[in-house]
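> The chain contents come next:
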Amino acid sequence: MTVIDNNIQQLKNDLLQMWSLVINQMEKARLALINGDKNLAREVRVNEKRVDVFELKIDMDSESILLLKNPVAIDLRFVLSVLKINYNIERIGDYANAIAKVAENLSGPIPEDILQSTHLPEMFFTAQTMLQESFNAFEKSDRTHVNLLFAMDEKLDKPNRIANTVIGKLLRDRPEDTMMLLEALAIIRKLERTGDHILNIAEELIFYFDANVVKHKKMLDDN
Amino acid sequence: MKDVNVWYSDNHALKNISMTFEPNTVTALVGPSGCGKSTFLRLFNRMNDLISSFRLEGMVTIDSQNIYSKEVRLDEIRKKVGMVFQKPNPFPKSIYENVAYGLRVNGTSNKKIIDETVERSLRQATLWDEVKDSLKKSAMILSGGQQQRLCIARALAVEPKLILMDEPASALDPISTAHIEELILELKKEFTIIIVTHNLQQAGRISDSTAFFYLGELIEYNLTKKIFLNPDNERTQNYITGRFS
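Chains A and B are the protein sequences, given in the same order.
According to our numbering, the residues represented by the first sequence are 1 to 223, in order.
According to our numbering, the residues represented by the second sequence are 1 to 245, in order.
Extracted from the complex, chain B is given alone in its bound form:
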């Protein structure tokens, strides 16, 4: 990402952001509400395009491909980038169909391939053992934590390069949160993950790097240990120690 500026009408939401993300790492985006971190996250799957007043300058690349280039098709990007939201949002379909959905949309109809992918994705999301005997049951019967892991499995099924997570555990109890955090650490072996979180302890537990945003600016981006032990910027220190005014 290089020299990225984003506007919603006259609101300059992101200002001159340049960042790179190493493969197989977890990067946490932190900052007060309205600082631009969710806007930033949604740049990677072009979800901001749905907002009519959205305007972008600069370049966002995944595997050297500018994803805002006119030649790039949106469905190509969405295959590369999975997203998990704050509240679990399973489709009102069976557990199996939730995971198979992305494959079907992408034109895969081979049952054996879909079966294998569903099992692999559910295993990667550490949900397989809990649901393997009830794949045909509605996803809505699952607990909140299970639903969130199902949504992660759904994102994994299309084998993305990048997984975006927007406060994926904020609506979950501590046990479900711990499951999601363990899962994130497991998933980074195969995927690159960017996560928005308001939970600074969570950022400390799971991320390799942390970026602090404030009023649309990237204030500091560094290794998580450095940010939490000795941040360079006073605003970062004030924010993470709860002395922000």
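This is chain A alone, in the form it adopts within the complex:
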């Protein structure tokens, strides 16, 4: 094992730990919201600081490897990818934290009929599955997990596209739940953005595995 192997393994372990933490954060935020569990919401809010600490450490360690170890080829692609994945995972952690904040401030759990009308449970399921699949792809260096992600994202886009109409109707029907419905709309947006960040991660994984740049591919192809 070379010196850089040790550094890269450590970086990978740290990112996997952070990723795992964010997966848990999102699950706890979901449970806090669905069940109106304020204690669980507070736990997410406290753990958010751990996510931030991981992000800073991974940033600094990546910079050190770039500066001192002069990585090339697959090592260079790994470190560049980790830097960008790190940013995206931290943003997803922010969304989990924001959802927990909503759960903390709501007077109770979101009623079942609102959850069903807004497709929030399916959106959570899709976003969390994507998050887990991206984790698996990185952990096992397995390209097949990456391919699934692009198709799954559509399941987040569709409820997001119809969200204004759905929430608009609910606002007319249930003006007494206005605050809750506005929060539900904000959560829909956050879950859709979570999907976007996971697709960013998928693009970085493809760069790491294959050295292919698929980001903005359509625009680049058009030019």
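A hint or two may mislead.
Label pairs and their calculated CB-CB ranges [as the list claims (entries may be wrong)]:
no.	chain 1	residue 1	chain 2	residue 2	range
1	B	Pro32	A	Arg189	53 to 61 Å
2	A	Ser141	B	Phe244	20 to 28 Å
3	B	Met140	A	Val53	56 to 64 Å
Heads up, incomplete: computed chain A residues facing chain B, CB under 7 Å, no partners named [said to hold, decoys possible]:
no.	residue
4	Thr2
5	Asn6
6	Ala73
7	Glu112
8	Ala211
DSBU-like, lysine-lysine: derived pairs with alpha carbons at most 35 Å apart [unchecked claim]:
no.	chain 1	residue 1	chain 2	residue 2
9	B	Lys225	A	Lys69
10	A	Lys69	B	Lys189
11	A	Lys215	B	Lys225
12	B	Lys136	B	Lys189
13	B	Lys112	B	Lys225
14	A	Lys215	B	Lys87
15	A	Lys84	B	Lys70
16	B	Lys80	B	Lys70
17	A	Lys12	B	Lys225
18	B	Lys225	A	Lys57
Calculated from the structure, these hints are not laboratory results.
Just so it is clear, CB atoms sit at the ideal spot from N, CA and C, and this is done for glycine as well.
Knowing the structure of chain A, use the given hints to seat chain B on it.
Just chain B now, kept in the frame of chain A:
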């Protein structure tokens, strides 16, 4: 260069090498010690001819001229191809005479032409400002980095097509190395450069293309960015990432 094979007695030092070099580019030759890269470099100025057991098959051409053809004179080749070595090797003469040497050997005696060439070459080697007031002083008083740039100026004076560099900065400190690297990037505007280096970061900084040699074979030859980001061959990747066994 086409289908080149080189032997030293029974040792097959280079195996079926075919390569072309674009004008005004820098090509880095990398690979572990003994892989054949210096033998390869010395093919271009026929320095290997000095070794009695050397034998070559295949064709090495510069400007469409087979430089191993019997009709070609060695001094013609040496005018086309300059070489800079690992350790600076100035002659124990003045700075001026070091640069003028190649011209005098080639029969130039016109002082005005020699003066102009010495100044031009020293300027191209970015040494003029440092030595213009001490041209008559011995080259041996210069620092290692200055001596190496003097050797480059000496190579430039005969206006070669091709400049060969065999680890030209490996004996220099980081500042002198940076000077040499900047100089190489400047020189490629007018010359074609092939450089042997063990410093992979240096290859990345200065070369347009990189060739990886191993056990006398050309394993991979591609744009430097491609080699250092995503080499095609696993042996190349193992070598540049330090995982070679």
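> Are the hints correct? Go through all of them and say.
Hints, one by one, checked against the model:
{"no.": "1", "hint": "B:Pro32 / A:Arg189: 53 to 61 Å", "result": "56 Å, holds"}
{"no.": "2", "hint": "A:Ser141 / B:Phe244: 20 to 28 Å", "result": "21 Å, holds"}
{"no.": "3", "hint": "B:Met140 / A:Val53: 56 to 64 Å", "result": "59 Å, holds"}
{"no.": "4", "hint": "Thr2", "result": "5 Å, holds"}
{"no.": "5", "hint": "Asn6", "result": "12 Å, violated"}
{"no.": "6", "hint": "Ala73", "result": "5 Å, holds"}
{"no.": "7", "hint": "Glu112", "result": "51 Å, violated"}
{"no.": "8", "hint": "Ala211", "result": "3 Å, holds"}
{"no.": "9", "hint": "B:Lys225 / A:Lys69", "result": "18 Å, holds"}
{"no.": "10", "hint": "A:Lys69 / B:Lys189", "result": "31 Å, holds"}
{"no.": "11", "hint": "A:Lys215 / B:Lys225", "result": "19 Å, holds"}
{"no.": "12", "hint": "B:Lys136 / B:Lys189", "result": "30 Å, holds"}
{"no.": "13", "hint": "B:Lys112 / B:Lys225", "result": "44 Å, violated"}
{"no.": "14", "hint": "A:Lys215 / B:Lys87", "result": "47 Å, violated"}
{"no.": "15", "hint": "A:Lys84 / B:Lys70", "result": "60 Å, violated"}
{"no.": "16", "hint": "B:Lys80 / B:Lys70", "result": "17 Å, holds"}
{"no.": "17", "hint": "A:Lys12 / B:Lys225", "result": "25 Å, holds"}
{"no.": "18", "hint": "B:Lys225 / A:Lys57", "result": "29 Å, holds"}
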